[in-house]
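Trainee: One line per chain: the protein sequences are H and V, in this order.
1 is the number of the first residue of the first sequence in the working numbering; add one for each residue after it.
255 is the number of the first residue of the second sequence in the working numbering; add one for each residue after it.
Source of the hints: derived by calculation from the structure; they are not laboratory data.
What you are looking at is a predicted structure, and each value in this text was computed from that prediction instead of being measured.
Cβ atoms here follow ideal geometry from the backbone N, Cα and C, with glycine treated the same way.
One thing to keep in mind: the hints can contain errors.
[Stated by the list, open to error] Quick list of the computed label-pair ranges, beta carbon to beta carbon:
| # | chain 1 | residue 1 | chain 2 | residue 2 | range |
| --- | --- | --- | --- | --- | --- |
| 1 | H | A132 | V | G365 | 40 to 48 Å |
| 2 | H | S20 | V | P285 | 50 to 58 Å |
| 3 | H | I119 | V | S563 | 33 to 41 Å |
| 4 | H | R38 | V | V399 | 48 to 56 Å |
| 5 | H | K128 | V | F369 | 36 to 44 Å |
| 6 | H | S242 | V | P285 | 34 to 42 Å |
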Amino acid sequence: MSTVNHIAPSEAILACQGLSKHFGGIRAFTDVGFEARRGEVTAVIGDNGAGKSTLIRCLIGVHVPDGGTIYFDGRQHPFSNPDEARKAGIETVHQNLALIDELTVAQNLFLNREIVRRIGPFALLDRKAMKAQARAMLSRLSINVPSVSQRVRRLSGGQRQAISICRAAGSGAKLVVMDEPTAALGVQETANVEALIRKLREQGVSVILISHNFDQVRRLSDQIWVMRAGRMVATVRASETSGNELVALVTGAA
Amino acid sequence: MSLPADNAPAAPRAGATEESRPSLAALLLDPSFWADWASVVGLVGLVILFGITQPVFLSVANLQALLLAAAILVVLSIGQTFVVATSGIDLSLAAAVMLGAVILGLANAAGWGVFAACMLAVAATSAIGLLNGVLITAGRIPDFVVTLGTLSGITGLGLIISGGEPTMVGSTFLLKLASGSFGPFGYPVWVAIAAVVVAHIALYHTRFGVHLLATGGQAESAAALGIRTDRVKIAAYTISGFCAGIAAILLVARIGSAEPQINTSLLLNSVAAVVLGGVSLFGGRASILGPAIGALMLTALVNGLTLLSVSAFYQPLAVGVIVVLAALIMRYQK
């Protein structure tokens with residue numbers, strides 16, 4: 001087991017030092033150092049309430065940390081809202097807030113970054129271009145849906161998750177953050193989403209993965225960070241650890 | 255979903271396949287088809303029914319009168335549609351029409367030109383919509399409560415500034431607007447058609463339209479994806495207020511005076527037209543043509559019943575029955 005050792009900042013796509021966040025009197029996490037390396041899948045694990053989700057929300061601008069510094073893509077870069085983070089190249093796949101049921105697959109893939117044609121002072125949607133590009137985005141990640149004109153409501157949980165990951169990756173994001181991407185999925189669907197995450201990695205996209213599933217984390221990730229009771233307690237290479245070691249780190253039995 | 259193995263190159267079957275259209279027979283057997291097209295089916299049904307029982311109904315003169323009478327409701331239904339699409343409801347819509355009419359009348363009586371008075375009326379009703387939107391989003395108060403409050407508030411305001419008295423508006427511009435026609439339709443019908451076209455483009459062919467449906471469908475998700483849902487809601491209410499202003503001008507032109515009395519059937523019928531038009535009251539699903547045809551259908555119902563010499567007392571009953579029936583069919587909507 002290693003302590004938190006620092007690597008060269010240029011290797012890190014996203015990093016933070018001494019990060020703290022409190023909600024009133026409740027401490028979410030204190031003095032956290034963390035790094036996600038470029039082109040790798042970086043996992044953050046920990047028990048419920050260990051502070052993983054709050055840490056990630058601070059990194060992507062949902063919460064503003066109380067102290068500490070955040071570096072993104074080599075520059076000190078605190079985001080004051082998720083829109084700024086998105087513009088800088090961080091896309092997030094939210095646990096339950098990923099897609100709009102009543103919109104079509106194509107509309108969801110291009111939501112808030114619609115392609116428009118300018119006609120004089122007016123900007124009209126280029127629906128044809130969006131549908132065509134949506135098909136291209138889906139096939140690049142080998143995702144199969146009946147039609148890009150179908151409402152998302154009628155798709156399965158796995159298809160929906162695949163589409164929200166495709167949405168995140170399709171914007172040319174440098175970093176995709178996923179919060180429990182397979183939490184609500186069946187066995188086959190989980191396997192499909194895992195394959196999708198590997199595919200993203202092959203295409204050079206950096207991924208941060210928050211998960212409860214230690215086996216999944218070891219299968220998918222390169223580096224694993226462990227949080228316990230609001231602190232970052234350890235980081236290990238996924239290839240050099242075992243399920244038992246991770247359990248020990250998470251529970252504090254080591 | 256089928257994902258091929260990791261190392262497989264771009265799978266031939268991957269991606270979305272081309273859309274296939276269901277057969278006509280399958281379409282006609284699908285209850286959701288009838289739900290989506292309830293207003294059209296209802297309108298056609300009414301036209302056939304009234305056409306057989308009272309042939310005068312289908313005369314050109316009557317159809318023109320029907321369209322003319324429907325224009326105000328069509329414009330209002332469009333405003334209501336934008337609000338309902340965000341999963342809200344604008345109960346102050348008819349009261350805003352009344353206040354707009356009173357302001358138009360008073361400004362005209364005070365020596366304003368009729369055009370300026372019309373602009374003032376539209377600005378006032380748009381401001382009411384803006385106020386509704388700001389109270390709902392910034393105040394975090396339910397739509398129903400806020401617009402119920404402004405319904406009462408602006409009804410009172412209209413009574414106060416008018417002293418409860420109607421104001422005659424004798425303007426040749428408004429008289430022409432009400433009675434003149436271009437081609438087969440009167441000017442108010444053209445106003446309604448223009449409103450339908452503009453609203454349809456705004457809803458289906460602009461980013462605002464998609465963001466509106468996203469906000470109405472799942473506001474939290476939309477916000478998480480960076481859509482400013484509060485702004486979208488405020489815009490929807492402002493559009494509703496704007497439509498109320500246009501309706502106020504058409505109303506004053508039609509009756510020649512500004513009455514400080516609120517026409518409650520206008521509010522209920524605007525919601526009814528939206529429901530008949532297949533717009534989900536839970537937000538996220540909307541069309542413009544649907545509510546516009548719903549408004550036509552409600553007007554045709556009143557017109558036909560009048561031609562059949564049915565007492566006016568039965569009209570609200572008939573509207574109520576039809577709306578509830580439509581809502582029942584909507585349950586089959588997918």
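Trainee: State for each hint whether it applies.
Mentor: Hints versus structure:
Range check, H:A132 to V:G365: about 59 Å between beta-carbon atoms, so the 40 to 48 Å window is missed. For H:S20 paired with V:P285, a C-beta distance near 56 Å keeps the hint of 50 to 58 Å intact. Between H:I119 and V:S563 the Cβ separation comes to about 51 Å, which falls outside the hinted range of 33 to 41 Å. Hint check: H:R38 to V:V399, Cβ distance near 51 Å, so the stated range 48 to 56 Å holds.
Between H:K128 and V:F369, the C-beta spacing of about 41 Å keeps the proposed range 36 to 44 Å intact. Checking the proposed 34 to 42 Å range against H:S242 and V:P285 shows it is violated: the Cβ atoms sit about 56 Å from each other.
Consistency note: the structure conflicts with the earlier hints numbered 1, 3 and 6.
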